[in-house]
Amino acid sequence: MAEALQKKLQSELEKYKQMQKDVSKSMSARQKLEAQLTENNIVKEELDLMESSNTVYKLIGPVLVKQDLEEAKATVAKRLEYINGEIQRYEALLKEMEKKSEQHREVLSSLQQEYQKATGRAVAKV
Amino acid sequence: MHTTRGTTMADKSKRNIDPQVRVDRLREEHEQVVKGCDEQILHWKKVSGDYEALDDRLRTLPDHLSYDVMVPFGPLAFMPGKLVHTNEVTVLLGDNWFAKCSAKQAQKIVDHRVKYVKGELDDLLKTRKNFEARVGFTEDLKELSNKGSYVDIREEVRSRETVVTKGKQRVAHKPNSKPKLDTVLDLEEVEEEGKGVEADEEYCKILSEKELWARLDQLEKLEELQDEEDRLSDTGDTNGDDTTSSSSSEEEKEADCSQPEKEPGPKTSWATSSPANGQLVSQAAPGGDTTKDEDEQEEEEEDCLPTIYFSHTVEPKKVRICTGKNTTLKFSERKEHSLTHSKRKKKNNGTNGHSHHELHKITSPVDIYRLFVDVKNGEPVPRKSILKSRSRENSVCSDTSESSAADFDERRLVGRSVSHDDAPHSDTSDGHTEDDSPTALPRTPSRFEAFSGTVVEKDPMPTAVPHLTIAPPALPTILERKQEEGTTDAAPPVEPPKRVSKFKAGRQNR
Numbered sequence: 001m002a003e004a005l006q007k008k009l010q011s012e013l014e015k016y017k018q019m020q021k022d023v024s025k026s027m028s029a030r031q032k033l034e035a036q037l038t039e040n041n042i043v044k045e046e047l048d049l050m051e052s053s054n055t056v057y058k059l060i061g062p063v064l065v066k067q068d069l070e071e072a073k074a075t076v077a078k079r080l081e082y083i084n085g086e087i088q089r090y091e092a093l094l095k096e097m098e099k100k101s102e103q104h105r106e107v108l109s110s111l112q113q114e115y116q117k118a119t120g121r122a123v124a125k126v
Numbered sequence: 001m002h003t004t005r006g007t008t009m010a011d012k013s014k015r016n017i018d019p020q021v022r023v024d025r026l027r028e029e030h031e032q033v034v035k036g037c038d039e040q041i042l043h044w045k046k047v048s049g050d051y052e053a054l055d056d057r058l059r060t061l062p063d064h065l066s067y068d069v070m071v072p073f074g075p076l077a078f079m080p081g082k083l084v085h086t087n088e089v090t091v092l093l094g095d096n097w098f099a100k101c102s103a104k105q106a107q108k109i110v111d112h113r114v115k116y117v118k119g120e121l122d123d124l125l126k127t128r129k130n131f132e133a134r135v136g137f138t139e140d141l142k143e144l145s146n147k148g149s150y151v152d153i154r155e156e157v158r159s160r161e162t163v164v165t166k167g168k169q170r171v172a173h174k175p176n177s178k179p180k181l182d183t184v185l186d187l188e189e190v191e192e193e194g195k196g197v198e199a200d201e202e203y204c205k206i207l208s209e210k211e212l213w214a215r216l217d218q219l220e221k222l223e224e225l226q227d228e229e230d231r232l233s234d235t236g237d238t239n240g241d242d243t244t245s246s247s248s249s250e251e252e253k254e255a256d257c258s259q260p261e262k263e264p265g266p267k268t269s270w271a272t273s274s275p276a277n278g279q280l281v282s283q284a285a286p287g288g289d290t291t292k293d294e295d296e297q298e299e300e301e302e303d304c305l306p307t308i309y310f311s312h313t314v315e316p317k318k319v320r321i322c323t324g325k326n327t328t329l330k331f332s333e334r335k336e337h338s339l340t341h342s343k344r345k346k347k348n349n350g351t352n353g354h355s356h357h358e359l360h361k362i363t364s365p366v367d368i369y370r371l372f373v374d375v376k377n378g379e380p381v382p383r384k385s386i387l388k389s390r391s392r393e394n395s396v397c398s399d400t401s402e403s404s405a406a407d408f409d410e411r412r413l414v415g416r417s418v419s420h421d422d423a424p425h426s427d428t429s430d431g432h433t434e435d436d437s438p439t440a441l442p443r444t445p446s447r448f449e450a451f452s453g454t455v456v457e458k459d460p461m462p463t464a465v466p467h468l469t470i471a472p473p474a475l476p477t478i479l480e481r482k483q484e485e486g487t488t489d490a491a492p493p494v495e496p497p498k499r500v501s502k503f504k505a506g507r508q509n510r
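So the sequence lines, in the order shown, correspond to chains A and B. Following the numbering used here from start to finish, the first sequence increments by one per residue and tops out at 126. Following the numbering used here from start to finish, the second sequence increments by one per residue and tops out at 510.
Any given hint could be a false lead.
[Unchecked claim] Examples of chain B residues lying across from chain A (beta carbon under 7 Å, computed):
1) Trp44
2) Leu93
3) Gly94
4) Asp95
5) Ala99
6) Cys101
7) Gln107
8) Lys108
9) Ile109
10) Trp213
11) Arg215
[Stated by the list, open to error] Think about it this way: if two alpha-carbon atoms lie no more than 20 Å apart in a straight line, the pair counts; the simulated DMTMM-like pairs of lysine to aspartate or glutamate are:
12) Lys100(B) / Glu71(A)
13) Lys118(B) / Glu39(A)
14) Lys104(B) / Glu114(A)
15) Lys78(A) / Asp95(B)
16) Lys99(A) / Glu45(A)
17) Lys44(A) / Glu70(A)
18) Lys58(A) / Asp68(A)
19) Lys118(B) / Glu51(A)
20) Lys115(B) / Glu14(A)
21) Lys73(A) / Asp95(B)
22) Lys45(B) / Glu39(A)
23) Lys66(A) / Asp95(B)
24) Lys66(A) / Glu51(A)
25) Lys100(B) / Glu70(A)
26) Lys82(B) / Asp95(B)
27) Lys46(B) / Asp68(A)
28) Lys100(B) / Glu14(A)
29) Lys32(A) / Asp95(B)
30) Lys108(B) / Glu45(A)
31) Lys58(A) / Asp95(B)
Hints in this document: simulated from the structure, not taken from any laboratory. Cβ atoms here follow ideal geometry from the backbone N, Cα and C, with glycine treated the same way.
Turn these sequences into a full structure, and let the hints guide you.
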């Protein structure tokens, strides 16, 4: 019985670890998105500083591609929108994950207690 | 941000560890946050320094058309070169966006970025301050938990049940008590107070609301019962019922039990007045008819005392009146009772009560006289002596109050037997007067007639009036009586009730 419990506990623990990994991954992704958001915000602001005489380039691969200023602004705005959407998506995802991990933790703790009880009993019996 | 989240998670996971360790851990985490902030601040400071340098360079760059510079050629070598287009800069805006602009514009961009960096720095400084404060707090907390010199002051909130129940109790009582006030004020007051005391006592004992409510219900039932009784008595008074008398007498008894504690004040006041009365009587006694009347009054008053206690069932009305008159007498113990009785009478009877009672009693003073005579072994003389004994003893024989009290007790004992005997005696001896009291129910008019008969005797009353005037008469009561007089008889009956009314008025005033 104790062994079965242990196995279960182990599997649960594995699952929990996996979940934690996922959480941290999405967390880092979100942070990246955050950074990109700030960067793009800055770009947008600085593009606003430009005049029509200035030429704007976009680095695509190893090449600088000339872009129209207005076009560049539009793309940056779109990019900002996209980033914001992504951030929100990740937020929801994170919440859900946290919930799940909480549940998992509870299960784990209960399992741990059971396991401890079982082992304790076994020890007592022995 | 990441670090804070980490701390919360860590705290959660370490919940079951003892507080000391947790405090330590909290402090550690806080310190870590502060450290992270410091690092970031350093980084941003460096960035801002870079930007300042860049700004400097950009400012001086367009000063010349070309510069001789050493151009880095791979990681290892430099090549001599020339920097041209000094006013043409390609700026990395971020996210792989580049912009070709003049040095001036580049400066603008640099300014913008410096601004951003400054904001970032400010934020970091704020958070660092915040967490430093927290670190200090956790340090204090640690100290607090470590040292026993600090004590938590905790006040536990008790259940508010008591307060709530009190309010409810009051609410429950009010509706029932109000209607009663109309009919019988004193009685209810007494009862209510008694009940209140009881309730208080029980209140202490009772913890559960259920019991309390049950008790309340019980009390309400009791009150209702009494209410009915009171109503009956009221109707009886108007009709001159015997049943009413019995119920009222019972009530009075109840009142007696409770009253003495309540009214110590009135007692003293009456004591002062009573001696005067006694003197009056003694003075009047030697005289002719007038004196007789006075004596009779006295007799009534004095006699009433015994009857009060023992003859309730037989002659309830007499009892009441007697009690009313008793107040004038000197007997302190009785006075209290009489006071209460009189008060109740006033309230109970309202307009009609006074005259009827008086009629019963006073119908013919002679009758009363006879009654007492009968009581005293049938001989009028001994009876008289007994009646006078109090007044005369006080004046002539100088009997102590104790002796008089003892007398009183004796009389009471006698009174019991007498009262029961009284009815038959009176019936045989006096036609209508005594008939009234036992069978009285339907006969209010007859009583009035009887009263008119008595009027003759009370004509001399004026002599007593001056003495009575001492106590300011209560106008309303007089008016009531006058109305009654108008209905019943013309002039003669007026006086006796007036006299009584003045007594009562005196009491009321007191």
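Identify every previously stated hint that the structure contradicts and give their numbers, smallest first. When the structure is compared with the hints, numbers 1, 7, 10, 11, 14, 16, 19, 20, 26, 27 and 28 turn out to be violated.
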